[in-house]
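> Top line first, the protein sequences correspond to chains A and B.
Residue numbers for the first sequence follow the numbering used here, so the first one is 1 and each next one is one higher.
Residue numbers for the second sequence follow the numbering used here, so the first one is 249 and each next one is one higher.
Read the hints as simulated data drawn from the structure, not as lab findings.
Worth double-checking, as some hints may not be accurate.
As the list claims (entries may be wrong) - Part of the chain A face toward chain B, derived, beta carbon under 8 Å:
1) 56
2) 75
3) 93
4) 180
5) 218
6) 219
7) 220
Said to hold, decoys possible - Taking lysine to any residue pairs in the SDA-like style, the calculated list, with each CA pair at most 20 Å apart, reads:
8) B/467 / B/436
9) A/128 / B/711
10) A/97 / B/391
11) A/53 / B/391
For clarity, every value in this text was computed on a predicted model and none was experimentally measured.
C-beta atoms are modelled at their ideal positions from N, C-alpha and C, and glycine is treated no differently.
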Amino acid sequence: MKKFFLSLAAIAFMFAACEPKTPDNPDTPDDPDEPEEQVDPIVIDGEFDDWAKLDQASVASAKNNADSPWTAVKQMRVYATEAYVYYYIEFDSTEAKDQLASWDEAHPGLPMRININIDGEFTSGYAKYSLDAYDYIIEGSLADKGQWVSFDGTLHQRYDGDWVELLKEGSGMCVGAGNGNKYEIALDRQVFDRVEKKSNPQAIGNVLHTGLRFYTHDWGELSNLPNSSIAEGNGDGWGHLLEVTTVK
Amino acid sequence: MKFRHLFPAFCSVLMIFSCNPDQPNNPDTPDGPENPDEPKKENPAPGVYKFVIPDYSSKASVAGDGKTAWEAGDEILVTGGYYPGAVTVKLTASDISSDGKTATVNLEKVPETTFGTDKFYAAYPAGLVDPESSFSEDTFDFIGTDADLLCAYLSGDTFTFQHVCAAIALSADGGYDGCVLSGLNWEMVAFDKWSVQVNSEDPNFRRGGKTISDYFLRKDFKNGSVTLYFPYSLTLNGGFRIYMRKGNTYPKLFTYSGDVNLKRGEVLALGNISSKLEDYSGPAPELPKMPELKNVTRFDVKEVPELSGLCLTADGSALWTVGDNGWFGQVSFDGKVTKYWTKSADMEGITLDPNTGDLYIANEPNTVTRLKAPYEKPSSWDVVITVTEAKGYGNSGMEGISYYKDDMLFVGTQTSANVWIYKFDGTVVKGPVSLKKVYSGIVEVGGLCYDPVNDWLWVSDSETHKVFVFDGDLTHVLAEYPVNMIHNNESVCVDHKHNCVWVGLDDDDVCAIFRLDFTGLNP
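Extracted from the complex, chain A is given alone in its bound form (with noise of 0.2 Å):
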């Protein structure tokens, strides 16, 4: 009898060992007092062989077209986690140069727009440099006199037809990193959801739409992904913007 209860013990220990992953549960890593370690799969630091290790499926890309009236920047990735939007960004080799060297005292940085749609409604917001529109911009600088820096920009809404600015630049939303002739990015989604938003949603969903817009360090037009060829009825050579679904 007493091995019969031995028995019912083990079999008692394994169930308890598979149970799922609760809050109530003490043993499991989302224990607070013993949190869980996330694996960021992109590590913020210029260097970007993890971004040939993900899961393609799940990267969206665009590439410059190359019947588009621009040819600064050849591709923009992007990988959504529950945590963070990453961005990968890869300049032309001599346009990257270029750009860098050209700083004035007055421009020193380059500037660069991120685009985000986060309600998949393609109608209402800015309907300028995507064939979507789209509800939010990060405007910041990926340089400074000549350097990479880390990106780290202003959140702004359009709503009421204008821009209206909900976060600092320099607010930790963002984070990056540039070598040579390209750059990543990690967009902080907590931080952009608890951001109070002039409408609704407040976060980003699941689904989130994305492009980028590069301007010369004086604002000058550098480039706009994702694009296409100029044609009839699109005479910018504006895309349509990324649809990025979050890995979970």
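We have chain A already, so just place chain B on it with the hints.
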């Protein structure tokens, strides 16, 4: 051993297997290799691969023609679409078949990750592939085109290469050091970069990109012969010239008459051209040395709304200025503004007839009006030219105007960067000439200024933020000057007296004139 003793252990093993989500053979996980719905994609493994080189469709008859056989030492780049994981294969003599067509190589290491339509891609020569294009996928960015560029994708165990270039091959006696080829009609024949997309579904051998191009292709002779390579294709209307070089001189000239239309993989074999060479004593085959931009100075002119046109006054002491909303006046070289009047007109450009002092104003979309001196009132507002082709151009119509010579004007539009020459009486003399077709780097005409000293046409393009210089006959571009500091450069005015060029900024807030100081502006 009693079964009841084994029961707990059996259950434990069962539980462990059933609750381990990372168990590699779990058929229920989407990535499980045994999942029949989503089989794991296997990358090609290390092993034996073949590299096959093609012929040219029309073989040259002289040594030094296009590359059609592998040689020991040739280096081929093999990628999985991610450059940092690429492998460079250096061929040895034992790898190469007796006819040179096939190299069979045991690759002990292959790229670990693959991107794009196909698994692996290969390019020759490896040294000309841009290492800074990381996620290259099925695209190779060649950082030089003075070579027989080849590329391929993997099918089975074989890379069957395709030529990227067309070629012209020739030889000559007489100890020439090199040669320079140019078309008869200012066609671009040389490129510093070329981008190629090669795959099994939708290849593109002309992907474009930021490329510096040239009207002259230069190459050294090797053992009395030379092969010239042209990425994608070569189209030369009427033929071409080859200037034979000895040291820094060009004593002989070869002229080929007849249209040339070569596609990639085709070679024009000229053979030995010694007997066809003619004496030559003309200028070296090169563009003239162009002025060098040295300094840029800004002067705000906030009293001028939407500045869109500039030209020198008759005495060269100031600038006549117009604005989009019908503003007319004068601006001094340090930005002091004298307003004359405003009129309900979309004035986009202004120029002076040096013989009469009359001003000619370009109005969007398609008219030119004459303003006779004195200019205090727009009383003599006569429409003298109507550009019929630009009638429907709307807000992308006429932006540039400049006095040419002999009672003629250059006028230009944003649309298609079109330029015409008109007589004062409204008769068209030339055009439309699309500057986009002359040089693909320009997008629109924002302002024009004819430079009679050099016989050049200066063109301001507010889309590319550049000022271009074309020859007076509008056949080729001579220079382009980035003016990124002027984000809407809609006017240009050459001022030889002060060795500078004036460029106007049309801004919704504060307009400005920029003084661009040059050296070499006056010959």
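> Taking the hints in turn, state whether each one holds.
Quick rundown of the hints versus the structure:
1. The criterion of a C-beta within 8 Å of any C-beta in chain B is met by residue 56 of chain A, whose closest approach is roughly 6 Å, and the hint holds.
2. With 8 Å as the threshold, the beta carbon of residue 75 of chain A comes within range of chain B, its nearest partner Cβ sitting at about 6 Å, so the hint holds.
3. The criterion of a C-beta within 8 Å of any C-beta in chain B is met by residue 93 of chain A, whose closest approach is roughly 4 Å, and the hint holds.
4. At about 6 Å, the closest approach between the beta carbon of residue 180 of chain A and any beta carbon in chain B falls short of 8 Å, and the interface hint on this residue holds.
5. Hint status for residue 218 of chain A: holds, given a least beta-carbon distance of 5 Å to chain B, under 8 Å.
6. Contact between residue 219 of chain A and chain B, as hinted, is supported at the beta carbon level, the nearest pair being about 6 Å apart and thus within 8 Å.
7. Because the beta carbon of residue 220 of chain A sits about 5 Å from the nearest beta carbon in chain B, less than 8 Å, this interface hint is met.
8. Proposed proximity of residue 467 of chain B and residue 436 of chain B is supported: the alpha carbons are some 15 Å apart, at most 20 Å.
9. Of the pairs offered as hints, the one joining residue 128 of chain A and residue 711 of chain B holds, with about 16 Å between alpha carbons and a cut-off of 20 Å not exceeded.
10. Only pairs whose Cα atoms come within 20 Å are accepted, and residue 97 of chain A paired with residue 391 of chain B is accepted, the gap being roughly 15 Å.
11. For the given pair, residue 53 of chain A sits about 27 Å from residue 391 of chain B by alpha-carbon distance, which is inconsistent with the 20 Å threshold.
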